[in-house]
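Q: Each position in the first sequence, counted from 1, maps to that position plus 200 in the numbering used here.
Think of the hints as simulated: they come from the structure by calculation, not from any bench. Errors might be hidden in some of the hints.
[Stated by the list, open to error] With a straight-line Cα cutoff of 30 Å, these simulated DSSO-like cross-link-like pairs (lysine-lysine) come out: (1) 396 x 445; (2) 250 x 396; (3) 372 x 445; (4) 445 x 250; (5) 396 x 372; (6) 250 x 333; (7) 396 x 333; (8) 333 x 372; (9) 250 x 228; (10) 372 x 250.
Bear in mind that the values here come from a model prediction, so they are computed numbers and not experimental data.
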Amino acid sequence: MRRRLAPVLEGRTLERVEIHDARLTRPKDPLLVAVELSGERVTELDRRGKYLIVRFASGRALLIHLRMTGSLLRDPVEASHLRARLLLDDGTTVAYRDVRRFGTWFLLEPGELEPYLDERLGEEPLVAAFTAKGLGERLHGRRAPLKAALLDQRTLAGLGNIYVDEALWYAKLSPLRPAGTLDRSELQRLHRAIRKALELGIARQGSTLSDYRLPDGSSGTMQREFRAYGRTDEPCDRCGTPLEKIRAGGRGTWFCPRCQTLP
DNA sequence: ACCTCGTCCTGGTTGC
DNA sequence: TGCAACCAGGACGAGG
């Protein structure tokens, strides 16, 4: 999303902003936020974890989280559930669509962004500084199942329900394994697996299960690559054993009961 | 400090 | 066919 939207937004000035859903900017007044945003010039579209960061020349930033069903669409031909619109100085409109209205737009003043993100997010898994050793340190002493620990954004930033299941399948680790009990070689596998799952997801431009769309309205294709997520009773791509669905970390969780056993 | 669970929403699917 | 129950790419706050 960031890669596709950056060329649309960077260098543009917001001529007008409309926010139709009061939930979006809560607790701030959406009208006030809309007025404050208009006239801002976008310097950079950035990302941290699952947050999109629209940086402005003024030093302020708009922090966007799409949650489950949010999409940002460039000049949509037709779309329901539109919650906000950015009207740019080149005539382009960027519309925000969100069926379930869980998404958020927070306007942050200079200096507010870093502390806000730092208290919510751990390391970025795709930077060079992220190592198997570092992963081990993040998981050390934790008794929560791997599934729950990896969904926690303070462990690592950016893994969601799909990518945790995919990564655990690649790593041949049970989602129910206590997070602090992995040995060095298991940490090595998990580290590689997390990167593989995320890199494939980015290459395929995300998973469209129902609502997710790219800015041009097209669908992501990561759902074609799923090895575990959503594949109840389908044969494991490694061993042929039917995949199972359980509840772990409060979420639907798919895994291979033969490849991903508890020790 | 860590961990689990309910909640915020809307709409699609499943089962009786 | 009709209708209720359940489920869904996430994060946060309450409570154990």
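Q: Would the hint linking residue 250 and residue 396 be met if the CA-CA limit is 30 Å?
A: holds (17 Å)
Q: Quick one, are residue 396 and residue 372 close enough, alpha carbons at most 30 Å?
A: Holds, at about 13 Å.
Q: Would you check the hint for residue 333 and residue 372, treating anything up to 30 Å between C-alpha atoms as holding?
A: Cα-Cα ~18 Å, so holds.
Q: Given the hinted pair residue 372 and residue 250, is their alpha-carbon gap at most 30 Å?
A: Status holds; Cα separation ~25 Å.
Q: Would the hint linking residue 445 and residue 250 be met if the CA-CA limit is 30 Å?
A: holds (25 Å)
Q: CA of residue 396 to CA of residue 445, is that 30 Å or under?
A: Holds. Residue 396 to residue 445 sits at ~22 Å (cutoff 30 Å).
Q: Is it true that the CA of residue 250 sits at most 30 Å from the CA of residue 333?
A: holds (23 Å)
Q: Between residue 372 and residue 445, is the straight-line Cα distance small enough, at 30 Å or below?
A: holds (16 Å)
Q: For the pair we were handed, residue 396 and residue 333, check the Cα-Cα distance against 30 Å.
A: The given pair, whose Cα atoms are some 17 Å apart, holds under the 30 Å limit.
Q: For the pair we were handed, residue 250 and residue 228, check the Cα-Cα distance against 30 Å.
A: holds (21 Å)
Going down the numbered hints, you'll see the structure goes against none, and every one checks out.
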